[in-house]
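Using the sequences and the hints given, assemble the complete structure.
Protein chains in written order, with our numbering: chain W, 1 to 184; chain A, 1 to 210.
Simulated from the structure, these hints should not be mistaken for laboratory data.
Hints may be right or wrong, so weigh each one.
[Unchecked claim] Derived DMTMM-like pairs (lysine to aspartate or glutamate); straight-line CA-CA distance at most 20 Å:
1) W:Lys169 <-> W:Glu103
2) W:Lys104 <-> A:Asp43
3) W:Lys62 <-> W:Asp96
4) A:Lys24 <-> W:Glu28
5) W:Lys169 <-> W:Glu179
6) W:Lys33 <-> A:Asp32
7) A:Lys24 <-> W:Asp45
8) A:Lys24 <-> W:Glu179
9) W:Lys94 <-> A:Asp32
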Amino acid sequence: MPNVLSTDPRFIRYANCDPEKQKKIVFEGSFLKIIMGSQVLDMVDLSNFFHPASINGGSFKKRVYIPSGGSYSLYGGNIAQDQGEVSMIAIRVKYDPSLPEAEKLIYWEYEGNLSPCKNLLFLTGKTLDHVKHHGWDLEPYSPEASTFSPVLSPQPTSPDLSLGGIVLKNTTLKEVEVEILVMN
Amino acid sequence: MATAPLICQADLANTLIEGGHFDKCTLLVTKDSTIVNSFNFCDFSLDIDEFFTQNLTLGPGSAFLLDDGGLANPFGEVKFLLIKVTYPQSFTQDSNKYINLVHESVTYPIGELHVWTGNPGDSAGMGIAVSPSGSPQYSSGGIVLHNPHLNSVSIKIILASSEIQGIYTTAGTSGTSGGTSGSSGSSGSSGIAINADYYGTSVNTITIPT
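What follows is the structure, given as structure tokens:
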């Protein structure tokens with residue numbers, strides 16, 4: 001009898017693909033909802049969300065295309081406060097439809113930490129005009145080095161971890177479209 | 001259309017009427033009544049499996065170790081994390097409307113809203129690490145929310161797992177086994193728990209040493 005290898009059925013994982021059973025997170029109206037079919041399981045009311053801009057700040061929006069294996073450095077430009085902080089960052093990622101679902105993932109690196117981003121990243125904080133406060137540091141040449149986790153995997157590849165800014169890394173095999181809104 | 005709320009006098013020193021707010025599923029940045037920028041979330045969709053929501057009040061100076069609700073995969077990771085913070089009227093200065101999120105030894109700010117997404121998979125690092133791995137400093141995962149202020153804040157948390165978790169089953173049966181999704185404070189998954197490094201307890205408030 002030939003020695004044929006087969007998958008042990010105990011280790012096969014099955015997903016419930018019935019659309020009526022599939023749970024999704026979506027935006028509907030001013031709500032972020034968790035739905036299952038036509039059923040709303042939970043929701044977050046965003047109608048009362050208001051993020052004020054700093055007096056010397058503003059906002060910018062950009063759409064960038066990051067090639068496979070490439071990266072994009074996000075900086076605060078002239079809307080950041082004096083030390084380079086901004087108070088809000090929203091990022092959406094769109095993938096080539098041919099990519100398998102499991103591979104639709106990019107990474108963002110900030111202050112030495114590498115984190116995943118599937119299709120949405122929304123960050124907020126608070127800034128003051130002339131002193132570093134509690135914003136997101138998008139200053140490319142910040143002299144204030146931040147501490148970071150000593151054990152990182154995979155290792156970040158920033159040339160200098162004391163720099164601010166967010167680096168978006170496309171580790172997929174296809175170009176990704178990234179839409180970014182920065183506000184301060 | 002949502003309208004920008006009135007900003008109290010104390011905040012005017014640092015802010016104008018320019019700001020971002022949601023008009024249905026679009027985030028509009030407006031200055032007075034002019035739309036300066038817009039950011040569309042209307043086609044956003046994220047498939048999930050089980051989820052866990054929690055509302056809590058975080059007292060002055062308190063810290064809270066986020067509970068993974070039993071949703072994390074074997075690497076202690078989830079697919080979606082949302083944290084929405086509501087500040088009471090006692091927060092008169094807009095610049096004070098922040099809390100801290102400590103993750104992998106880095107402290108991040110949260111103003112009003114924080115959303116992370118990942119895609120937990122066959123290797124570590126693809127999802128959002130929420131389960132503390134045993135390190136008292138949470139250097140390998142785990143999320144701590146810390147309120148540095150003298151007043152309490154209200155927080156809503158949503159955690160969701162990937163559509164295919166590491167739940168092992170025999171051929172011909174569903175990979176998930178139900179559970180009471182969405183009920184506050186309870187796990188959304190009642191499948192076979194294989195996340196061995198689950199330490200979180202949603203009812204415990206811990207204090208970060210300063």
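- Message: Name the hints, by number, that the structure is in violation of.
- Response: 6 and 9
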